[in-house]
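A.B. asks: If you number the sequence shown the way the numbering used here does, the last residue is 117 and the count never jumps.
Because the hints were derived from the structure by calculation, they are not lab data.
Given the structure is predicted, the values throughout are model-derived calculations rather than measurements.
It is possible that part of the hints are untrue.
To be verified - Restraint-style ranges between C-beta atoms, simulated for each label pair:
{"hint": "1", "residue 1": "L49", "residue 2": "T80", "range": "33 to 41 Å"}
{"hint": "2", "residue 1": "E43", "residue 2": "G77", "range": "29 to 37 Å"}
{"hint": "3", "residue 1": "F41", "residue 2": "V90", "range": "56 to 64 Å"}
{"hint": "4", "residue 1": "V90", "residue 2": "L60", "range": "47 to 55 Å"}
{"hint": "5", "residue 1": "G58", "residue 2": "E89", "range": "44 to 52 Å"}
{"hint": "6", "residue 1": "E89", "residue 2": "L60", "range": "41 to 49 Å"}
{"hint": "7", "residue 1": "V51", "residue 2": "L78", "range": "45 to 53 Å"}
{"hint": "8", "residue 1": "V114", "residue 2": "P88", "range": "50 to 58 Å"}
{"hint": "9", "residue 1": "P88", "residue 2": "G42", "range": "51 to 59 Å"}
{"hint": "10", "residue 1": "P88", "residue 2": "I54", "range": "37 to 45 Å"}
{"hint": "11", "residue 1": "I50", "residue 2": "R76", "range": "26 to 34 Å"}
{"hint": "12", "residue 1": "N38", "residue 2": "R72", "range": "22 to 30 Å"}
Note that CB positions come from ideal geometry on N, CA and C, so glycine has one too.
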Amino acid sequence: MPNLGFGELVIVFLIVMLIFGAGRLPQIGEGIGKAIRNLKRGLNTDDDIDVTPEVTPADKQVPKASASRVEDAEVVDKVESK
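Just need the whole structure built from these sequences, with the hints factored in.
C.D. replies: Structure follows, in structure tokens:
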């Protein structure tokens, strides 16, 4: 990772000032601070998130296909007239 000196940091700060303006800098800083706090809090918790879906017995049942026969069928020919 490259080392950023004082001159580079000043240039980055000036570019950020030009892009976002001085009025939005506190909001951006607050958002970055909240993101860092949430990241640290998430890394420090020992809670494992279970992402496997819960399968209920009703979900395991597969409906049976009907095997009825077609006995009475009517064949209809369509002829288009021009």
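A.B. asks: Hints first: check each against the structure and report whether it holds.
C.D. replies: Hints, verified against the model:
| no. | hint | in the structure |
| --- | --- | --- |
| 1 | L49 <-> T80: 33 to 41 Å | holds, 38 Å |
| 2 | E43 <-> G77: 29 to 37 Å | holds, 30 Å |
| 3 | F41 <-> V90: 56 to 64 Å | holds, 58 Å |
| 4 | V90 <-> L60: 47 to 55 Å | holds, 50 Å |
| 5 | G58 <-> E89: 44 to 52 Å | holds, 48 Å |
| 6 | E89 <-> L60: 41 to 49 Å | holds, 45 Å |
| 7 | V51 <-> L78: 45 to 53 Å | violated, 27 Å |
| 8 | V114 <-> P88: 50 to 58 Å | holds, 53 Å |
| 9 | P88 <-> G42: 51 to 59 Å | holds, 53 Å |
| 10 | P88 <-> I54: 37 to 45 Å | holds, 43 Å |
| 11 | I50 <-> R76: 26 to 34 Å | holds, 31 Å |
| 12 | N38 <-> R72: 22 to 30 Å | holds, 26 Å |
Hint compliance for this structure: hint 7 alone is broken.
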